[in-house]
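**Q** Read off the chains here:
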Amino acid sequence: MVALATSSAGGKRPAPRARLLEDERWLAFALLVPTAILLGLFIAYPFVKGVILSLTSARVGVEGEFVGLKNFVKIWNDGIFHVTVWNTFWYTGVTTVFKLALGLWLALLLNRHFRGKAFIRAFILLPFIIPTVLSTFAWKWMFDPTFSVINWTLYQLGFITQRINWLGDPDLAMTSIIIINVWRGVPFFAISLLAGLQTISPELNEAAAIDGARPWQRFWHVTWPLLLPVTMVVVLFSVIQTFADFQLVYVMTGGGPANATHLFATYAYQLGIGTGLLAEGAAISLAMFPFLFLIVVVQLLYIRRVEVR
Amino acid sequence: MAQVTIRQLNKVYEGAVHAVKDVNLEIPDREFVVLVGPSGCGKTTTLRMVAGLESITSGDILIGDTVVNDLAPMDRDIAMVFQNYALYPHKSVYDNMAFGLKMRKFDKAEIDKRVQHAADILGIQQLLSRRPRQLSGGQRQRVALGRAIVRNPQVFLFDEPLSNLDAKLRVHMRVELRKLHERLGTTAIYVTHDQVEAMTLGDRVVVMKDGLVQQVGDPMTLYNTPANLFVAGFIGSPAMNFANVTVVGGEGGLWVETKGLKLRLPGALASRAAPLTGKSAVFGIRPEDLRVANSADPAEYSMDCEVEVVERLGSETLLDTRVGSETIVAAVEPMVAVRAREKVRLAVTPDRMHLFDAETEKAV
Ligand SMILES: Nc1ncnc2c1ncn2[C@@H]1O[C@H](COP(=O)(O)OP(=O)(O)OP(=O)(O)O)[C@@H](O)[C@H]1O
Ligand SMILES: [Mg+2]
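Each protein sequence line maps, in turn, to chains A and B. Plus 3 on top of the position in the first sequence (first one is 1) and you've got my numbering. Plus 833 on top of the position in the second sequence (first one is 1) and you've got my numbering.
Because the hints were derived from the structure by calculation, they are not lab data. None of the values given here were measured: they were computed from a predicted structure. One or more hints might be untrue.
Claimed, not checked - Stretch by stretch, here's where chain B covers chain A in the computed footprint (C-beta under 8 Å, at least three residues): (1) 221-228; (2) 265-273.
Said to hold, decoys possible - So these bits of chain A aren't anywhere near chain B, every CB distance computed over 12 Å: (3) F32; (4) A47; (5) V54; (6) A247.
What the hints assert, rightly or not - Which residues of chain B face chain A? A few of them, derived with a C-beta cut under 8 Å, are: (7) L886; (8) M907; (9) I911; (10) A919; (11) Y921; (12) H923; (13) F932; (14) G933; (15) M936; (16) A1106; (17) A1107.
The C-beta atom is built at its ideal place from N, Cα and C for all residues, glycine as well.
Only chain A is shown next, with the shape it has when bound in the complex (with noise of 0.2 Å):
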């Protein structure tokens, strides 16, 4: 006993600072910090300035003053948001739909034993790993009503004898905006999926195979319902990243013609920037977080309940 009360009382106890780091709340707490001060200054305060800058009637250039929510009154009236909510819903699903039928085919025939599978993958990163606006670019030649390369071939193949005005018809605008998103998003459809195939031990299928079911029943009754939680999560992402997008649309089109093709990010840009409108630019991105919102917790639960089975 005295020897215990000796050794301990020998100043051996941690100095104060450290003892509070001991504590796990406090640690917890510092090691929040930095994270809490970048979330801060650069998620937080840009979205609580959107906020209020909504509610008031400044332009460029102009502090302008509190008016309610006269801004979301006027674009609830607004005949282009309801196009571009209507658009943006679309450009998203169909992409989504195809991004994800193009990405998982894609990765099931890469999770294959073949030569040249290493380069294969690789080549298949590349619309990824080029800048959008780049290959957007690319693109906007592709789509060029003159030097249309894709015009060209349909010509020569002799599917077609008048030029076709990608660009310039609103349907086929928005045709190939969708042609171009799918494009960009399919190889991070595929390398995710890949990724996830890849943690499904090939027994399982072997089993499959030997319990009498054929290729696509062992898809179905095995390969889909373990690459599930990663399929959702990957759709959660890229729905979040479409729903958004404006890269694309604002080189390719810019949102025309005649508006066809506006995005909630375009718009509220076209309205915010273009036209000065700072308020109403503000109150249109503002108006894309409900929705978002809704779609980001649907999803979440859908795979906490895939992911509980």
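Put chain B with the ligands on the given structure of chain A with help from the hints.
**A** Frame of chain A; chain B with the ligands shown alone:
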């Protein structure tokens, strides 16, 4: 149920790995055959070719009277138990077992009957609604067995099904497997690298090495008359002792001789060893065929050893000894009063002596 015939089977993987070489095997109906050998000897490859999961480079595999070389796994009427069980993680135990029947379009009542029956045999009725993740290793093992049983196939294929279990459970499941086979009588091919499993489970054991079959026989034949040096060293635990010797003529017949050891070959062995006279050979004796000599033991069947380590296992005691430049292990009675660095005289059981040709490594 059916017999399995393997004829001149070969497998060359791309990259020119010759994994299985000219394997021939006749497995009669209801037999439990074990393929055993060190890692990489081609056991799994052979089994997977029977299952149809690996293509055949040359040769034939017959199940019953049908050549199955080009049949898909599902058309071969086999069931396989994988080393890692390969249970479908997203399906319940019940659905795991029912899957093969569902795929084969059995009606619901029949599926239920079979699954319940298999669960009954394996004692896993109360686990049917769980997922594989919620089971212990032994329970998963049973489910994997159940999945094979419900199908009532022609042949069971097992690839090291017990290797992921702890030692005690492994012994238990070994017995269960044997009982199951007695009960169902389905032809079975079982792969393992554990010679104890092979000896205890197999009606017949196939010893493989480097893709070649070394010997086929029932466990006691392999133990008593190994065909070559490899089988002799592989079967039995602790392993057989080997000593490099020279066969020499002497009084009363042939002797084997090396530094510190000179033993007379008993009659039958001596006559077979005659052609080797004057040549080098490998002498083999199992630890359990050695004992501490007493004064009645003749000099020609005993040798002087120096004990290096004494291992007391309880049921027996192992003496690690040195004879000349050879190490000899003896399994002797548990209470033996010998200590390390003492001299001891060991007697060999004459008719348990083995001799191998040093060049061909074949048994004499
Ligand atoms: N897919 C493959 N491609 C190329 N070589 C392979 C392949 N599978 C196995 N091999 C080789 O074939 C040989 C036999 O392998 P196999 O898996 O049959 O051994 P095994 O006897 O089952 O060994 P273990 O006890 O370690 O499971 C080994 O040399 C192995 O490296
Ligand atoms: Mg193996």
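**Q** Now, for every hint given, state plainly whether the structure supports it.
**A** Going through the hints against the structure:
1. 221-228: holds (count 3)
2. 265-273: Violated - the segment 265-273 of chain A has 0 residues with a Cβ nearer than 8 Å to chain B, which falls short of three.
3. F32: Holds: least Cβ distance 35 Å, greater than 12 Å.
4. A47: For A47 of chain A, whose nearest Cβ neighbour in chain B is about 39 Å away, the distance exceeds 12 Å, so it holds.
5. V54: 43 Å, holds
6. A247: The claim stands: A247 of chain A keeps its Cβ more than 12 Å from every Cβ of chain B (closest is about 33 Å).
7. L886: 5 Å, holds
8. M907: This hint holds: M907 of chain B lies near chain A, its Cβ roughly 4 Å from the closest one there, short of 8 Å.
9. I911: Holds: closest Cβ of chain A sits about 7 Å from I911 of chain B, inside 8 Å.
10. A919: 4 Å, holds
11. Y921: 6 Å, holds
12. H923: 5 Å, holds
13. F932: 5 Å, holds
14. G933: With a closest approach of 4 Å, the G933 of chain B hint holds.
15. M936: With a closest approach of 4 Å, the M936 of chain B hint holds.
16. A1106: Result: violated, 49 Å to nearest chain A Cβ.
17. A1107: 53 Å, violated
Of the hints listed earlier, those the structure fails to meet are numbers 2, 16, 17, in rising order.
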